[in-house]
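Engineer: Keeping their order, the protein sequence lines are chains A and B.
For the first sequence, the positions run 455 to 810 when my numbering is used.
For the second sequence, the positions run 455 to 810 when my numbering is used.
Do not take every clue at face value.
The list makes no distinction among identical chains, and a pair is therefore deemed to hold if it is satisfied within one copy or across any two copies.
[Claimed, not checked] Straight-line distance between alpha carbons at most 25 Å, and here's what the computed DSS-like set of lysine-lysine pairs gives: (1) 547 - 766; (2) 558 - 766; (3) 612 - 766; (4) 491 - 558; (5) 547 - 558; (6) 612 - 547; (7) 547 - 491; (8) 491 - 766.
Don't read these hints as lab results, they were simulated from the structure.
Number of protein chains: 2
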Amino acid sequence: METFAESLDTPSVVIDMDLVRANIRRFQAYADASGFKVRPHIKTHKLPLVTDMQLAAGAIGITCQKVSEAEAMVAGSPAVTDVLITYNIVGAKKLARLVALARKVRLSVVADSADVVDGLSAAFAGEASPLATLVECDTGANRCGVGAPEDAAALARKIAAAPGLVFGGLMTYPPAGGEAAVQAFMSEAKALIEADGLTVPVITSGGTPTMMRAAEAPVVTEYRPGTYVYNDRSLVMRGACGWDDCALTVLATVVSVPADDRAIIDAGSKTLTSDLFGLTGYGHVLGRDDLAIDQLSEEHGRMVSTGPTGLKVGDRLRIVPNHACVVTNMVDEVYLYSAEEPTPRAAQVVARGRIW
Amino acid sequence: METFAESLDTPSVVIDMDLVRANIRRFQAYADASGFKVRPHIKTHKLPLVTDMQLAAGAIGITCQKVSEAEAMVAGSPAVTDVLITYNIVGAKKLARLVALARKVRLSVVADSADVVDGLSAAFAGEASPLATLVECDTGANRCGVGAPEDAAALARKIAAAPGLVFGGLMTYPPAGGEAAVQAFMSEAKALIEADGLTVPVITSGGTPTMMRAAEAPVVTEYRPGTYVYNDRSLVMRGACGWDDCALTVLATVVSVPADDRAIIDAGSKTLTSDLFGLTGYGHVLGRDDLAIDQLSEEHGRMVSTGPTGLKVGDRLRIVPNHACVVTNMVDEVYLYSAEEPTPRAAQVVARGRIW
Chain A
455 METFAESLDT PSVVIDMDLV RANIRRFQAY ADASGFKVRP HIKTHKLPLV TDMQLAAGAI
515 GITCQKVSEA EAMVAGSPAV TDVLITYNIV GAKKLARLVA LARKVRLSVV ADSADVVDGL
575 SAAFAGEASP LATLVECDTG ANRCGVGAPE DAAALARKIA AAPGLVFGGL MTYPPAGGEA
635 AVQAFMSEAK ALIEADGLTV PVITSGGTPT MMRAAEAPVV TEYRPGTYVY NDRSLVMRGA
695 CGWDDCALTV LATVVSVPAD DRAIIDAGSK TLTSDLFGLT GYGHVLGRDD LAIDQLSEEH
755 GRMVSTGPTG LKVGDRLRIV PNHACVVTNM VDEVYLYSAE EPTPRAAQVV ARGRIW
Chain B
455 METFAESLDT PSVVIDMDLV RANIRRFQAY ADASGFKVRP HIKTHKLPLV TDMQLAAGAI
515 GITCQKVSEA EAMVAGSPAV TDVLITYNIV GAKKLARLVA LARKVRLSVV ADSADVVDGL
575 SAAFAGEASP LATLVECDTG ANRCGVGAPE DAAALARKIA AAPGLVFGGL MTYPPAGGEA
635 AVQAFMSEAK ALIEADGLTV PVITSGGTPT MMRAAEAPVV TEYRPGTYVY NDRSLVMRGA
695 CGWDDCALTV LATVVSVPAD DRAIIDAGSK TLTSDLFGLT GYGHVLGRDD LAIDQLSEEH
755 GRMVSTGPTG LKVGDRLRIV PNHACVVTNM VDEVYLYSAE EPTPRAAQVV ARGRIW
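Just chain A, same shape as in the assembly:
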């Protein structure tokens, strides 16, 4: 922390790369032992160098949510050669970019409706290689996805018959703890699709909160965790990890101590974000269980305590945010350090703000 105080202004997002490495290895080892593949979601870090660590550890490719994120990661690392975009790609501009990207890497995408399949097919009909298209299935999260195995089978048939496309398998973003639902839905959909004479090359699920139970849905062939590289307060509160596993923290400075039991830090919603994720308060101050961050405005974080905080202007604190992924999207740079390189070095968050 002394080094940080000398070299970094605040607020800054700092990353313990030793913890990143340990977090990556732990899940890869579990996946290897359980017999499924890992395809990490890059939304958490948006950094080619962390992607490279994930691929080196054994990941088979990456997951992105948007075409523009995938473009940034492909441009940022030659090791990125296999990308799954887990999003319905809609509209001429995005489809044109998708075609260009598919000429560079092994690309897969998802669809949950005939409309989306028609758009993909029209864009790829003239391409030399067909686009692997997976059916997104709603296994209980109530977001996107077809709602029943029969619907998945019908859309798989449509994809298989569509010019420019090839059926790529099944994808879901499961509800937390939804392994049984995933297993049931995917097993039934797979059987229906295979009865149609198609093969289901990939069944992909994801989500860090219950990733260490992924093997309870053995029909799944690959898993797409995101937050596991950094961890965050939401995962600690759900029992998925401890504070010592949290690689991403926000370094902040106390700028005001207007009362004994209240202090203001220079990290507000522009850094920590307003994501509550079902929790109370906006982050955990490491080493200070007595403090609650009870209110954020854009540049102010208000900390309150039941007794005197003992803080003074200029004190530095490290905060584990509620949700790591959204924090990295707020900043142009994060600062990486490790036991070997204790002085933080800047890394540009190349896929930050890629909303297209």
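Add chain B to chain A, keeping to what the hints say.
Structural biologist: Frame of chain A; chain B shown alone:
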């Protein structure tokens, strides 16, 4: 909207510049009639060209929260010659930047403690011109600020005696509807400070929600509204404006219609943000009072209705976000249009992500 559909991808943040102009004029006219000055907070737009409109309409300068924001605005517009930073500036790196900035423009800053004053004084003691330093007062918002008029007077004396500084007046970020509290606190503090033989050149208050009642605290000499240029759902819900006054909207595309009463748009928390601002839901879909945006993930906005939505994949919608300021901080570019220039043109959000 047809033009938008042709020229813009989604999600995009679009700004109706005719409404921006009308919003600026309305508040400036009220201020002129009431006899106080306007010093807009640039955090809402972070755009030099909107600053120029505010200054041309009669604003006396700008308000920034961070030194880095001020640097971006000064670099972006030669018209920016008078800046108030309403934040305790703490730490050697920020103080060095503050000194450099003070050599370029007429700069004022705030302090709410002896520690902050000592830091400013040490940084400016060798400068040719003293730094105007205002005392930040807590008139009920319970964030930063001295808590009593006597404390304001004591800190004013300290500033006046500090090498490199000159006492610049009083500043507050009031609680919503706190005009009476502002009037009482500031009147008493002013009398105490004047009794010490000091003058109080500026008393500055701010906040869009009750800005049209600013004249109810006549001791205030200048006001610092931010959100008024764009307006947003929080202001509509508080009765401060109507939907027709909302200049900033998020253009989004329906990407999934998994059920009759549910549809998913491509604007999630990476565009709309998780700011609830005391409201239920994450924005208002223009022209669709029946829809509620009940859940956001990073790239998905879930809309629900009590009946069939009638939406289909590819439909475009415009959303008034809960909080305009935080939305502009999410995007590298916004798109400006007007009756004269109906085709949106990109404007870089130059002060986006400036957290230092």
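Engineer: All hints, please: hold or fail.
Structural biologist: Each hint tested on the structure:
1. 547 - 766: between (52 Å within a copy, 18 Å between copies)
2. 558 - 766: neither (54 Å within a copy, 32 Å between copies)
3. 612 - 766: between (65 Å within a copy, 19 Å between copies)
4. 491 - 558: within (23 Å within a copy, 57 Å between copies)
5. 547 - 558: within (18 Å within a copy, 43 Å between copies)
6. 612 - 547: within (23 Å within a copy, 60 Å between copies)
7. 547 - 491: For residue 547 and residue 491, neither the intra-copy (32 Å) nor the inter-copy (46 Å) Cα distance is at most 25 Å.
8. 491 - 766: Answer is neither: 49 Å inside a copy and 35 Å across each miss the 25 Å cutoff.
Checked against the numbered hints above, the structure violates hints 2, 7, 8; every other hint is satisfied.
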